[in-house]
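Protein chains: 2
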Amino acid sequence: MELWYTEKQTDSYGITAKIKETYVSEQTEFQKLDMIETEEFGTMLVLDGMVMTTDKDEFVYHEMVAHPALYTHPNPEHVLVVGGGDGGVIREILKHPQVKKAVLVDIDGKVIEYSKKYLPNIAGGLDDPRVEVIVNDGFMHIHDHKNEYDVVMVDSTEPVGPAVNLFTRGFYQGIYDALKEDGIFVAQTDNPWFNSELIASVNRDVKEVFPIVRVYWANVPTYPSGLWTFTMGSKKHDPLLVDESSIPELDTKYYSPRLHKAAFVLPKFVEDLVK
Amino acid sequence: MELWYTEKQTDSYGITAKIKETYVSEQTEFQKLDMIETEEFGTMLVLDGMVMTTDKDEFVYHEMVAHPALYTHPNPEHVLVVGGGDGGVIREILKHPQVKKAVLVDIDGKVIEYSKKYLPNIAGGLDDPRVEVIVNDGFMHIHDHKNEYDVVMVDSTEPVGPAVNLFTRGFYQGIYDALKEDGIFVAQTDNPWFNSELIASVNRDVKEVFPIVRVYWANVPTYPSGLWTFTMGSKKHDPLLVDESSIPELDTKYYSPRLHKAAFVLPKFVEDLVK
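So the sequences go chain by chain: A and B.
Quick note on numbering: full-length UniProt numbering labels position 240 of the first sequence as 240, and the sequence is numbered without any gaps.
Quick note on numbering: full-length UniProt numbering labels position 166 of the second sequence as 166, and the sequence is numbered without any gaps.
Read the hints as simulated data drawn from the structure, not as lab findings.
Errors might be hidden in some of the hints.
Unchecked claim - Rough simulated footprint, nothing fancy, chain B against chain A, three-plus residues with beta-carbon under 8 Å:
#1 3-16
#2 35-43
#3 251-260
To be verified - Calculated cross-link-like contacts (lysine to aspartate or glutamate; reagent style EDC-like; alpha-carbon spacing at most 16 Å):
#4 A/K253 with B/E39
#5 B/K18 with A/D11
#6 B/K8 with A/E7
#7 B/K253 with A/D272
#8 A/K116 with A/E132
#9 A/K18 with B/E7
#10 B/K268 with A/E249
#11 B/K18 with A/E7
#12 A/K18 with B/D11
#13 B/K20 with A/D11
#14 A/K253 with B/E271
#15 B/K8 with A/E39
#16 B/K268 with A/D251
#17 A/K268 with B/E271
#18 B/K95 with B/E249
#19 B/K253 with A/E271
#20 A/K268 with B/D251
#21 A/K146 with A/E181
#22 A/K20 with B/D11
#23 A/K8 with B/E39
Claimed, not checked - Partner residues aside, some chain B positions facing chain A, computed with beta carbon under 10 Å:
#24 T6
#25 I19
#26 E63
#27 P97
#28 V220
#29 L227
#30 K268
C-beta atoms are modelled at their ideal positions from N, C-alpha and C, and glycine is treated no differently.
Take these sequences, add in the hints, and give me the full structure.
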């Protein structure tokens with residue numbers, strides 16, 4: 001018998017992957033959590049029926065959340081990740097020696113627990129001494145911390161279920177207040193093929209809060225359409241003014257010094273969404 | 001009853017799209033041809049079980065085959081398209097007023113016939129007076145024409161079935177000979193996630209024939225992984241030395257003057273494939 005996982009990424013389109021084994025299929029306090037072993041992508045974490053990460057292509061998303069902001073900020077010492085319980089963004093943050101402390105706040109402790117068990121290559125950094133892991137609502141954490149972080153990264157699920165508050169103007173204002181005077185914020189903001197209105201509305205909201213707003217993108221095969229966008233809000237530092245020759249070659253597979261600015265050049269129909 | 005078209009893009013991974021209607025499902029002299037109406041992507045042309053083009057995302061591929069080469073060559077008057085019977089690349093070529101003649105050579109007349117009927121927005125340019133449509137083997141056409149074209153574009157299926165000869169060093173040498181002294185060649189060269197060896201081997205072969213070889217990419221949601229590569233071989237003109245400010249704003253949805261060079265900045269794991 002062949003088992004296939006099929007994710008409807010829209011009402012009438014989806015991806016399908018042959019699976020070898022189901023490790024976890026559980027309703028947590030916050031969401032449906034599935035951890036499955038696929039033939040093509042290795043271990044795959046699925047939340048509320050949406051692929052979050054896989055062994056094969058996780059490096060793209062995690063590198064592209066972490067490095068553009070960290071190489072835009074001149075001295076990122078104190079970094080916050082909201083969501084991201086699989087630990088992939090933390091792993092990338094730890095590649096930066098300037099980072100003294102990285103705080104991860106995920107609302108769902110089960111994501112952290114199962115990622116450590118089934119995705120050790122992704123979650124390994126969560127036990128690093130520079131990392132503090134907090135199981136809490138990111139919205140509340142942001143509210144309780146002012147003028148504290150150099151960089152805040154939002155590695156959330158889509159704006160349904162537990163992440164719905166993370167796509168509001170109020171949340172972006174909270175992040176602004178949680179950042180130091182030259183802080184930078186970055187969030188994943190879905191894809192322009194099936195969810196273009198979200199990109200446009202987030203862009204409008206972030207522009208009301210941050211003086212510098214930039215959108216960049218990367219190819220993640222297991223995310224809808226394969227084109228994923230990220231929105232950056234910055235108080236002072238502009239990612240497009242970074243001297244790429246000052247960026248060191250890092251142990252990465254997607255991001256590179258050469259890609260730093262190119263990732264901000266959007267396909268024209270995406271550019272038009274955020275004008 | 002719901003009908004879904006599922007394409008296995010690898011042995012263990014695929015995409016699936018809900019369909020409203022099947023217009024054509026026919027074995028031509030050369031390949032299996034399906035023309036279906038999908039909910040998400042509109043009309044979809046499928047050859048030998050692989051999506052070739054859809055109403056919704058066709059602009060990406062067709063623009064990105066045509067414009068980078070045409071804006072690298074200073075005066076592209078005589079252009080050849082090998083394959084591309086749907087007419088999408090021809091439509092983009094016709095946006096360039098310098099082009100005096102565009103020749104399309106597709107081995108399968110049925111692709112042309114059904115594209116005109118079911119994909120009129122894509123195939124419309126095939127009846128333009130500047131266009132000559134030839135139903136023939138592109139390999140033979142190339143062999144019979146020397147020193148004739150400014151730009152040759154290979155818009156082929158994958159290297160199985162009728163297109164297998166179009167991925168050989170001998171074919172690239174034939175194209176070199178069919179090009180004038182400052183001619184440019186471009187071909188679609190699949191994706192690096194599931195078919196990385198092809199990109200590497202084409203790159204080695206093209207480098208043996210052309211002095212300037214560059215690889216660029218674009219996001220095409222209905223192609224495997226969403227990351228599609230194109231390989232350009234050039235006798236004289238380097239796409240990376242083009243003055244982007246000299247490129248006019250065109251009626252495009254993906255390509256732009258700003259994207260011209262950025263498209264050549266590859267994700268690091270792709271860069272490593274073609275070093």
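So, going through the hints one by one against the coordinates:
1. 3-16: Coverage by chain B holds for the segment 3-16 of chain A (8 residues, Cβ < 8 Å).
2. 35-43: Holds, because 4 residues of the segment 35-43 of chain A bring their Cβ atoms closer than 8 Å to Cβ atoms of chain B.
3. 251-260: Holds, because 7 residues of the segment 251-260 of chain A bring their Cβ atoms closer than 8 Å to Cβ atoms of chain B.
4. A/K253 with B/E39: violated, 35 Å
5. B/K18 with A/D11: Cα-Cα ~8 Å, so holds.
6. B/K8 with A/E7: holds, 14 Å
7. B/K253 with A/D272: Status holds; Cα separation ~9 Å.
8. A/K116 with A/E132: Between A/K116 and A/E132 the Cα gap is close to 15 Å, so the pair holds against 16 Å.
9. A/K18 with B/E7: holds, 13 Å
10. B/K268 with A/E249: Cα-Cα ~10 Å, so holds.
11. B/K18 with A/E7: holds, 13 Å
12. A/K18 with B/D11: OK: A/K18 and B/D11 at ~8 Å, within 16 Å.
13. B/K20 with A/D11: holds, 13 Å
14. A/K253 with B/E271: Holds, at about 10 Å.
15. B/K8 with A/E39: At roughly 13 Å apart (the allowed maximum being 16 Å), A/E39 and B/K8 satisfy the hint.
16. B/K268 with A/D251: The hint holds at about 10 Å.
17. A/K268 with B/E271: Answer violated: A/K268 to B/E271 is near 24 Å, above 16 Å.
18. B/K95 with B/E249: Judged against 16 Å, a Cα distance of about 11 Å means the pair holds.
19. B/K253 with A/E271: Since the Cα atoms of B/K253 and A/E271 sit roughly 10 Å apart, the hinted pair holds (cutoff 16 Å).
20. A/K268 with B/D251: holds, 10 Å
21. A/K146 with A/E181: holds, 11 Å
22. A/K20 with B/D11: holds, 13 Å
23. A/K8 with B/E39: holds, 13 Å
24. T6: Constraint on B/T6 satisfied, holds at 6 Å.
25. I19: holds, 9 Å
26. E63: holds, 9 Å
27. P97: Check failed: Cβ of B/P97 comes no nearer than 20 Å to chain A, outside 10 Å.
28. V220: With a minimum Cβ separation of about 8 Å from chain A (threshold 10 Å), the hint on B/V220 holds.
29. L227: holds, 4 Å
30. K268: This interface hint holds because 5 Å falls under the 10 Å limit.
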